[in-house]
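Peer 1: These are the residues of each chain, in order.
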Amino acid sequence: MGHRITVDNAGESFECPPEKSLLSGMESQSKKAIAVGCRGGGCGYCKIRILSGEFETKKMSVKFVTHEEQAQGFALSCRVFPRSDMSVIAIEEIQSGNPYAKKNVTSKIS
Amino acid sequence: MKKGVMRTGHIQIRVLDLDEGLAHYRDRLGLLEMDRDDTRVFLKGWTECDKYSVVLREADEAGMDFLGFKVDSDARLDELRADLEAAGYATEELPAGDLPDCGRRITFVAGTGHRFELYADKVSTGRHGVGHHNPEAWPEDLKGMKATRFDHALLYGEDLASVYTLFTDVLGFWLSEQAMDGEERIAQFFTCSMKEHEIAFIKQEGNTGAFHHASFYLESWQDVLHAADIISMHDISLDIGPTRHGLTHGATIYFFDPSGNRNETFCGGDYFFPDHPVTTWDAEQLGKAVFYHTRELNERFLTVTT
Numbered sequence: 000m001g002h003r004i005t006v007d008n009a010g011e012s013f014e015c016p017p018e019k020s021l022l023s024g025m026e027s028q029s030k031k032a033i034a035v036g037c038r039g040g041g042c043g044y045c046k047i048r049i050l051s052g053e054f055e056t057k058k059m060s061v062k063f064v065t066h067e068e069q070a071q072g073f074a075l076s077c078r079v080f081p082r083s084d085m086s087v088i089a090i091e092e093i094q095s096g097n098p099y100a101k102k103n104v105t106s107k108i109s
Numbered sequence: 000m001k002k003g004v005m006r007t008g009h010i011q012i013r014v015l016d017l018d019e020g021l022a023h024y025r026d027r028l029g030l031l032e033m034d035r036d037d038t039r040v041f042l043k044g045w046t047e048c049d050k051y052s053v054v055l056r057e058a059d060e061a062g063m064d065f066l067g068f069k070v071d072s073d074a075r076l077d078e079l080r081a082d083l084e085a086a087g088y089a090t091e092e093l094p095a096g097d098l099p100d101c102g103r104r105i106t107f108v109a110g111t112g113h114r115f116e117l118y119a120d121k122v123s124t125g126r127h128g129v130g131h132h133n134p135e136a137w138p139e140d141l142k143g144m145k146a147t148r149f150d151h152a153l154l155y156g157e158d159l160a161s162v163y164t165l166f167t168d169v170l171g172f173w174l175s176e177q178a179m180d181g182e183e184r185i186a187q188f189f190t191c192s193m194k195e196h197e198i199a200f201i202k203q204e205g206n207t208g209a210f211h212h213a214s215f216y217l218e219s220w221q222d223v224l225h226a227a228d229i230i231s232m233h234d235i236s237l238d239i240g241p242t243r244h245g246l247t248h249g250a251t252i253y254f255f256d257p258s259g260n261r262n263e264t265f266c267g268g269d270y271f272f273p274d275h276p277v278t279t280w281d282a283e284q285l286g287k288a289v290f291y292h293t294r295e296l297n298e299r300f301l302t303v304t305t
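Here the protein sequences come in this chain order: A and B. Per numbering that gives the first Met the number 0, the first sequence starts with residue 0, numbered consecutively. Per numbering that gives the first Met the number 0, the second sequence starts with residue 0, numbered consecutively.
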């Protein structure tokens, strides 16, 4: 039985079992609420701020989440394991595509 | 090899957990554990003659500590150091033995924030399992993806112009491939050997010292598919592939180590001689340049670094 994880600013929620990270739980239900990067705590792409709920964490890169930020509830969702229902905010906006191509297309339109 | 730099020789990678990192690089990639010291593990691919090419160090963040290039003689180190100093780079000499079984190293930081080093000597242990006298084709005790060698690295940074001058003028590499956004070079691939690239840089504004991937060579497309099977069998974080690049035309698969550092295993692709023209990709074709089949970039490949 999983815990209910709500990503407030994405208007999305999903079930996540305690043995899975929030990111892995989200991916296994094909939800797109948090940006997926390396899945190993190294790249900072899936950064969240935890608003409520209990959890455990694995080590994550201090380059992307400083110890001070961790104390304020910031974390990488690939390293957060739920111990209750949780509410979080995703930091990165989900984007896609080639920025150079986009720039080119825009210039052609204008 | 205009100025004696032979190849990309070693890389020190930071991992968040040394045991997890070692299990990945040894048991999944199939590198051989060659040595340890108090804080690090030293590994190599089975075809590599020098004792090690990959160094893992446990740290609070992932990424690359440094990339080392092997040069053809000790005297070159002094020549290249003088050239680096003349070009405005602050250099430092690390004594022999600072890395075990490795000679003195000249270290400096490039304009993109990456630390590079030059060295001339490292203990040679020869090809694993087959040696160099009437050698058999391959050793039978290899694990996982059976990576044959550490091949190259791709780094992200902002100041690609100074790195272009550093590698071509100061270190004597050739530009083999590039991607151009109008007049601006946004990707640059350098080689000092027959390999299409020994090191590559992609422009990313605001990023300093970023590590995109370390790449390991496989013999065949079948081996790339076999690597993909290993990735699924062990639930390794997949980035993209198996597919082919437009740039270099290598067949490839990308994935992440347990600390989020990106790895590539690849086979085939183009080769280089100094009389070859530079290959150019246009920025609006970057999707095809990077992923030749889907012809679409994924955001993760373009922006995720450690």
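No wet-lab data here; the hints were simulated from the structure. Every residue gets a Cβ at the ideal spot worked out from N, C-alpha and C, and that includes glycine. Be careful, since some hints might not be right.
Which residues of chain A face chain B? A few of them, derived with a C-beta cut under 7 Å, are [as the list claims (entries may be wrong)]:
#1 Met0
#2 Gly36
#3 Tyr44
#4 Arg48
#5 Arg82
#6 Ser86
#7 Ala89
Peer 1: Taking the hints in turn, state whether each one holds.
Peer 2: Hint by hint, here is what the structure shows:
For A/Met0, the interface hint is violated, since its Cβ never comes within 7 Å of a Cβ in chain B; the closest pair sits about 22 Å apart. The beta carbon of A/Gly36 comes within 4 Å of a beta carbon in chain B, closer than 7 Å, and the hint placing it at the interface holds. Nearest Cβ of chain B to the Cβ of A/Tyr44: about 5 Å, under the 7 Å cut. The hint holds. With its C-beta approaching chain B no nearer than about 20 Å, A/Arg48 sits outside the 7 Å limit, and its interface hint is violated.
The beta carbon of A/Arg82 is not positioned within 7 Å of any beta carbon in chain B (closest approach about 21 Å), and the interface hint is therefore violated. At its closest, the beta carbon of A/Ser86 sits 25 Å from a beta carbon of chain B; the interface hint therefore is violated under the 7 Å criterion. Restraint check, A/Ala89 versus chain B: the minimum CB separation of about 14 Å is more than 7 Å; hint violated.
Hints 1, 4, 5, 6 and 7, counting from the list given before, are not met by this structure.
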